[in-house]
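Engineer: Based on these hints, arrange chain B on the given structure of chain P.
If you read the protein sequences in the order shown, they are chains P and B. Residue numbering for the first sequence follows the numbering used here, starting at 13 and increasing by one per position. Residue numbering for the second sequence follows the numbering used here, starting at 49 and increasing by one per position.
Hints are computed from structural coordinates only; laboratory data are not their basis. Be a bit skeptical, because a hint or two may be false.
[Said to hold, decoys possible] Calculated from the model, a selection of chain B residues having no Cβ within reach of chain P, i.e. all distances over 12 Å:
1. Gly-100
2. Leu-109
3. His-121
[To be verified] What follows is a set of in silico ranges between Cβ atoms, one per label pair, in the way DEER data are often shown:
4. Gly-64(B) x Val-76(P): 44 to 54 Å
5. Thr-61(B) x Ser-87(P): 39 to 49 Å
6. Thr-65(P) x Thr-63(B): 43 to 53 Å
7. Gln-26(P) x Ser-128(B): 41 to 51 Å
Every residue, glycine too, gets a C-beta built ideally from N, C-alpha and C.
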Amino acid sequence: GIQVEQSPPDLILQEGANSTLRCNFSDSVNNLQWFHQNPWGQLINLFYIPSGTKQNGRLSATTVATERYSLLYISSSQTTDSGVYFCAALSGGYNKLIFGAGTRLAVHP
Amino acid sequence: DSGVTQTPKHLITATGQRVTLRCSPRSGDLSVYWYQQSLDQGLQFLIQYYNGEERAKGNILERFSAQQFPDLHSELNLSSLELGDSALYFCASSVEGTPLETQYFGPGTRLLVL
Numbered sequence: 013g014i015q016v017e018q019s020p021p022d023l024i025l026q027e028g029a030n031s032t033l034r035c036n037f038s039d040s041v042n043n044l045q046w047f048h049q050n051p052w053g054q055l056i057n058l059f060y061i062p063s064g065t066k067q068n069g070r071l072s073a074t075t076v077a078t079e080r081y082s083l084l085y086i087s088s089s090q091t092t093d094s095g096v097y098f099c100a101a102l103s104g105g106y107n108k109l110i111f112g113a114g115t116r117l118a119v120h121p
Numbered sequence: 049d050s051g052v053t054q055t056p057k058h059l060i061t062a063t064g065q066r067v068t069l070r071c072s073p074r075s076g077d078l079s080v081y082w083y084q085q086s087l088d089q090g091l092q093f094l095i096q097y098y099n100g101e102e103r104a105k106g107n108i109l110e111r112f113s114a115q116q117f118p119d120l121h122s123e124l125n126l127s128s129l130e131l132g133d134s135a136l137y138f139c140a141s142s143v144e145g146t147p148l149e150t151q152y153f154g155p156g157t158r159l160l161v162l
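The following block holds chain P by itself, in its conformation from the complex (with noise of 0.2 Å):
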């Protein structure tokens, strides 16, 4: 089955510093989805970008499929956006998503 790596495993932040999150997939995929787990626990959808770029506030997205990898840019960060982020993709004719290991973010004041 398709497997799926991010990067860094851990990040460390200073509140306003910008950051980049990277997702490979070892497969073409139909699906891939951005989390973020608050420290609640909640997993809350950022993203659904099988290809293509998205924006949503401070935070962006993009998949370039064809070499099977996506990033998850986060500017201006804030406390607010610490957590583990999880990307998560699903490929072939398969519903169930395969999740990343994550990336834990720490945003300082």
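Structural biologist: Showing chain B alone in chain P's frame:
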């Protein structure tokens, strides 16, 4: 708020017991998915239902079962609980249950088996 609701938020029980987790999908969504997040296995797909029928199965133990009812809510039943079943259980929903849709996740049920 994704529109997916899960109850209870927290559950503490003992080994050998049985529990039922409940999920209500977003209004209009016909498909429900269950995922388990544990410290050692990460986030893993368990099972998917579409309009009351099982559509896909993942790494779901035989001690676990699920169903989707005519009103489209779903229940995940966990029996003969073991310490290793302690995890966060998420329900997600989508409109048609196809690969080309966003799956929206609920807030999760945190299960602790003592």
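Engineer: Are all C-beta atoms of chain P more than 12 Å from that of Gly-100(B)?
Structural biologist: Holds, since 16 Å exceeds 12 Å.
Engineer: For the pair Thr-65(P) and Thr-63(B), does the Cβ-Cβ distance stay inside 43 to 53 Å?
Structural biologist: The hinted range 43 to 53 Å holds for Thr-65(P) and Thr-63(B), with Cβ atoms some 49 Å apart.
Engineer: Does 39 to 49 Å hold as the CB distance between Thr-61(B) and Ser-87(P), or does it fail?
Structural biologist: 44 Å, holds
Engineer: Range first: 44 to 54 Å. Now tell me if the beta carbons of Gly-64(B) and Val-76(P) are that far apart.
Structural biologist: 50 Å, holds
Engineer: Minimum Cβ separation between Leu-109(B) and chain P greater than 12 Å?
Structural biologist: 16 Å, holds
Engineer: Against the range 41 to 51 Å, how does the distance between the Cβ atoms of Gln-26(P) and Ser-128(B) compare: consistent or not?
Structural biologist: At 49 Å between Cβs, range holds.
Engineer: Should the label of His-121(B) as a non-interface residue stand, given a Cβ cut-off of 12 Å to chain P?
Structural biologist: 19 Å, holds
Checked against the numbered hints given earlier, this structure breaks none of them.
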